[in-house]
Amino acid sequence: MSKLNIESSAKTPLIKCDDELGRLTIEGRSIPENAVDFFQRLYDWIDEYSKSPKSKTEIDVKLEYFNTSSSKCLLKVLKKLETLNVESKSAVNVNWFFEEDDEDMNEAGQDFDAIISMPFNMVEVAEL
Amino acid sequence: MFLIVIFGKMLRLTQHINNLTGHDTYISFDGVVDVEVINTTLQTIEEKLSDKALPKRIKRKVYNILVEALQNIFHHRMENETLDYQRSIFSVTEHENKFHIYTGNYLEKAAVDVVKSKIDNVNKLTKEQVVIKYREILDDGIVTDKGGSGLGFLDMFRKSKNILGYKFYNEETYTFFVLHITLNVNK
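Same order as they appear, the protein sequences are chains A and B. Counting with the working numbering, you get residues 1 to 128 for the letters of the first sequence. Counting with the working numbering, you get residues 1001 to 1187 for the letters of the second sequence.
Calculated from the structure, these hints are not laboratory results.
For the chain B half of the interface with chain A, some residues (derived, Cβ under 7 Å), not all of them:
id : residue
1  : R1057
2  : N1064
3  : F1074
4  : L1138
5  : D1139
6  : V1143
7  : G1147
8  : S1149
9  : L1151
10 : G1152
11 : D1155
Beta carbons: idealized from backbone N, C-alpha and C, even for Gly.
Isolated chain B, as found in the complex (with noise of 0.2 Å):
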């Protein structure tokens, strides 16, 4: 998967959404995600899902799918650095039956090789494969102090049943990290 976002450090996601040429936009947003940002965010998209005729299945995996993304850029976020650098960004857009889920946000260099990994090891996985993986790191119990769960990716890459597209831009300080989640309306 080829992801067309290319991002100047201050046209980020003006840039992204003119490259999503045709696609219908949900919403998309550059700024720092906070609680308060995830819950508008969440409650307008279920506001504008609800007015589509869409499967019922697709809108509550478009939700659950946003959901699970939007915290792991939460999570993950630069906490202790400069408003700049926190800041991220996430769009949600439907095109040609497939939603298309962005986001984008900057990550210690040192975490590439870890993120990509872990993407790549998940992207690998069967279907048979992905719910042993999932039933495995359920079981282990372990759960961050911010809530993180360690089962993201892998909950993104079985409920979109699609690989997770990525890219990392390696800034001066620190590298931009975009993961794209694509789901089919028909699939």
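With the rest of the complex left out, here is chain A (with noise of 0.2 Å):
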């Protein structure tokens, strides 16, 4: 098993997983025409990160802007730690952040945390 450093880009995030932690960390903005094509290599940790995990995992959610592409890539995401939680191999817990004032990432993580059946912690923040 190996860390996982993906550093951010104009449209695409910053990624970094630390099997060792348990943790797991998305972070500035998601916005790539094809972000499936961007999203396998963290679908690909998590499978492999699933076989062996820690007793916590942790994921922090912290982007400024997303597109529908991505999406329905960090659903596939959540999922795939849902399903982790649910055959009890590890408690994962999901922190979205958002801005005080930014209603559609407050709303995008409800959107989440209503299809999500896992501990989704919505954190608001004066600035990301």
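Two chains, two frames, some hints: make the complex.
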């Protein structure tokens, strides 16, 4: 098992996954034309991590922008983690960060929270 | 909603901009929309918005809606056609506390009814219904080969909080489809 570190770009987020800490971070903006290609490495990492996860897993999502192509990929990421949680392999916590006046990011968090069945913390901050 | 754009085949963008009398034009484009055009446009719009004394949430909405609108054109461009039919137009303008985003691109004539009914169905939704529909499509897991999510019109409608305007201009072989998104600065 290895860590996954993907640097951010103008259209893709920073991704940091640490198997030893059981911690994942998605940060920045995710607006590529085809998000599936970008998120594949994260799917692969989670699949590998799921074979031997930590007892607790934490994911921080701190996105400034994301497009609808990315929204379906993000949901797939969360569903993979949800499986870990449902199968009691790891207690997964989602931390969804959004800026206090960003109603769209707030609503997006609520959308994911409504679909996913695991602890989902909406974290309002002054600035991301 | 009535669209004021009337396109002559060769004067689409010029005519369109001339019709937006009194608008502050942030960006306008006529040509083939590829990834590079999208990147440059997003960078330009972000720079222009950053200079404006507008609420941050409005700047974010304009940027986000533009991303969807441009990627919508990109995903549905007439790839196998001559450059003339791959051409699209778009513009972002501000006028009397409203942002106007227009996009225009060619469609197969057979696609017109599908697109029209998609937009009509979105425009009919209440605030609560749009959330339910959005979550339903988000959860279907379907992404096209090009990365399309099926959420574009819903997303633009939800974020702009205004009905989506549209017009179809029939030409000989294809139909030119114009989409108009309005965003109220104070809403």
